[in-house]
Amino acid sequence: MKQILLLAVLVAVFLILPNGARAENPNDILIVVNKGVKQDSITPGELKNLFLKDKTTWRDGQKVVPVHAPGGSAVRKAFVSRILGMSIEDEKIFWQKRKIKTGKVKPVEFGNSLKAVFKLRGSISYVFRSQYREGVVKIVLVLPAN
Amino acid sequence: MHRMSGLSALAFSLIVGVASAVAQTERTPETTSTMPAGATEESDDSSASAATLEELEKRLTEQERENSARKKEIEEMQKRHAEEIEGLAARLDMAEEAQLDSLDGAAEEIDRELSIYGFFDVTLFKYLLDEDHPAYGVAPEKLSFTVSNLNLYLAGTMTESLRALVELRFTFMPHGAESSLTPYERVDTSVLEPHTTAEIQLGGVIIERVQLTWQPHDYIGVTAGRFLTPFGIWNVDHGSPVLLPVQPPYLIVRQYLPLAQTGIQLHGRFFPREDFFVDYAITAANGRGPTETAYDLEDDKALGLQLKFTYQGNKVNAAVGGYGYYGHTTDITKELDLSDPSQLFKMTIDNVSEYREWTGAIDFLLELYGVRLQAEYVRGIVKYDVRPIRVMPVVNIQDPSGELQPDYIKWDGYVLLAWQLPLDSLIGDMRLTPYGMVERSVMDDSFPDLDAITYRVGLNFKPNSFVVLKFDAVYVTFSESEMMNVPWWILNGQLAVSF
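Those protein sequences? They're chains Y and S, same order as listed.
Counting in the working numbering, the first sequence runs from 1 upward without gaps.
Counting in the working numbering, the second sequence runs from 1 upward without gaps.
Just so you know, these hints were derived from the structure itself, not from any lab.
Check each hint, because a few of them may be wrong.
As the list claims (entries may be wrong) - Computed Cβ-Cβ distance ranges for the label pairs, DEER-style:
{"id": "1", "chain 1": "S", "residue 1": "406", "chain 2": "Y", "residue 2": "85", "range": "46 to 56 Å"}
{"id": "2", "chain 1": "S", "residue 1": "173", "chain 2": "Y", "residue 2": "40", "range": "55 to 65 Å"}
{"id": "3", "chain 1": "S", "residue 1": "270", "chain 2": "Y", "residue 2": "27", "range": "30 to 40 Å"}
{"id": "4", "chain 1": "S", "residue 1": "203", "chain 2": "Y", "residue 2": "28", "range": "49 to 59 Å"}
{"id": "5", "chain 1": "Y", "residue 1": "72", "chain 2": "S", "residue 2": "391", "range": "55 to 65 Å"}
{"id": "6", "chain 1": "S", "residue 1": "419", "chain 2": "Y", "residue 2": "85", "range": "13 to 23 Å"}
{"id": "7", "chain 1": "Y", "residue 1": "85", "chain 2": "S", "residue 2": "130", "range": "44 to 54 Å"}
{"id": "8", "chain 1": "S", "residue 1": "428", "chain 2": "Y", "residue 2": "85", "range": "14 to 24 Å"}
{"id": "9", "chain 1": "Y", "residue 1": "28", "chain 2": "S", "residue 2": "80", "range": "31 to 41 Å"}
{"id": "10", "chain 1": "S", "residue 1": "115", "chain 2": "Y", "residue 2": "28", "range": "49 to 59 Å"}
{"id": "11", "chain 1": "Y", "residue 1": "85", "chain 2": "S", "residue 2": "162", "range": "24 to 34 Å"}
{"id": "12", "chain 1": "S", "residue 1": "324", "chain 2": "Y", "residue 2": "27", "range": "45 to 55 Å"}
{"id": "13", "chain 1": "S", "residue 1": "358", "chain 2": "Y", "residue 2": "132", "range": "30 to 40 Å"}
Said to hold, decoys possible - Quick partial rundown of chain Y residues pointing at chain S, CB under 7 Å, derived from the structure:
{"id": "14", "residue": "28"}
{"id": "15", "residue": "89"}
{"id": "16", "residue": "101"}
We put the CB at the ideal spot given by N, CA and C, even for glycine.
Put together the whole structure using the sequences plus the hints.
Rendered as structure tokens:
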């Protein structure tokens, strides 16, 4: 009886603990913004709109500068799949079509997207938790590793 | 009780396991047997064995020495490559740092560079018409290659909210165009180069778009210049690498709405939800007319209003839109009169044609797990204030009886169904999309000889994001026509490239 009770308590503690108390995975994707951006959080749907340039301003009207990680990087592939719902090839096709239809070109890419977000007003990008440096930018969303 | 038995069984297993392990360690190893003394044959054998063993040991030592040397070589190569890679990475970092320093927080600098890109296509087509067909000779019926589109885009962002877009279409036309059938005349732009005396044919440039857009917010922006009329799906998609079929539908060819306009457009987007947005556009432009790209022959401006609702999910996209258009179109002639001595000259302007039109279009798009269902319908009423003599389209011949053009209703609708086959495991990133399309076109309900039904089936193959190969077959029938009621086929193959 005592053993059953002990087991039940352990399970309950595990379930009740908040996500933040779980072990942080270095492959979590952190959505980061320039510290000048007033918005403190973002939803995946909003994020998709910004990176497809369907929406071009933050909620307060400031212009958004979406910044991609380099094509071919693991974090780019993971972000494009989870947030945009596309493969890398589908993303290329999407932007080929969009350029022809509207004249809009795909978001800029930087090798060091963390540095780019630190520098550029209104910018937003994404990094793996293992690449993140404290105090440089602001985290607005965490996508746990699959 | 059941659980207690389980725990007991577990404990018993553990005890048995530990006991076995203890017993194993106490077991003494078997002793090896010794050779009996004085066995000479066996001594010879063991000498031979020893020699073989020595040989083997020698070879093994040599092999180990060689392996060690190779391992060292590999380590040195890896070290050299690692240093090179590190050097490259450091140079890349420095270049990016320099670029970011120059940007220095100025987000509008990001897109300031002028983007130049475009597309072109090469088509192979064949109209299957025999000499008895009523349409024989109207279209080029011989098997032909053609480059019908070379579109170049210049897109620039000047500030965060200001951008410009120019789209130019280069064409070999008007060379080869049949400007008249009675009498027969064909445009020939051949000239001799003065320096080499080589004969060359001059082509042309069509300004598809030239526009400046100021968009301070998503919900409001202004575009001025020459822009695509914001109606439907086909007209907005616009380019051959984007469109599935090879040839545009009659909805576009017969221009039920003006495909582009010169004027001004107010537009914007609202987001009632993050996966749902509403677009609007209000257009005021020259509308249609023989000179509308340069100047209007009417003070009235053509007005248009667009509304579009779009849902964008993860695997499902859907959109419904509509565009309403009012236009007042005039054509004139001028006559210069020099007979009055009291005046320098007198210009008389006569309207030879004047009409008003009210046209509406609706469109629907559904994309669901690789399936695309697309439909458009357009309907318009044309009422004349000044009626010209009716002109046969395509051949551009005036009605020999002199019949005047009556008011008419025009309408067109098509449905397209396509399926991007789920062949990722077989063809990876390549895309294969079969499609089918049916269209009904009534260009002028007072002249049913030109009512057409077309059926298309085709296949799109995208080996990568830059190239698409298309094959389609089009079956055309003018079912209401007494003269043209003989269907025909058009076969097309196209290579469309975006760069």
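Hints versus structure:
no.: 1; hint: S/406 to Y/85: 46 to 56 Å; verdict: holds, 52 Å
no.: 2; hint: S/173 to Y/40: 55 to 65 Å; verdict: holds, 57 Å
no.: 3; hint: S/270 to Y/27: 30 to 40 Å; verdict: holds, 37 Å
no.: 4; hint: S/203 to Y/28: 49 to 59 Å; verdict: holds, 56 Å
no.: 5; hint: Y/72 to S/391: 55 to 65 Å; verdict: holds, 58 Å
no.: 6; hint: S/419 to Y/85: 13 to 23 Å; verdict: holds, 18 Å
no.: 7; hint: Y/85 to S/130: 44 to 54 Å; verdict: holds, 50 Å
no.: 8; hint: S/428 to Y/85: 14 to 24 Å; verdict: holds, 19 Å
no.: 9; hint: Y/28 to S/80: 31 to 41 Å; verdict: holds, 35 Å
no.: 10; hint: S/115 to Y/28: 49 to 59 Å; verdict: violated, 34 Å
no.: 11; hint: Y/85 to S/162: 24 to 34 Å; verdict: holds, 31 Å
no.: 12; hint: S/324 to Y/27: 45 to 55 Å; verdict: holds, 51 Å
no.: 13; hint: S/358 to Y/132: 30 to 40 Å; verdict: violated, 59 Å
no.: 14; hint: 28; verdict: violated, 20 Å
no.: 15; hint: 89; verdict: holds, 4 Å
no.: 16; hint: 101; verdict: holds, 6 Å
The structure fails hints 10, 13 and 14 (numbered hints given earlier, in ascending order).
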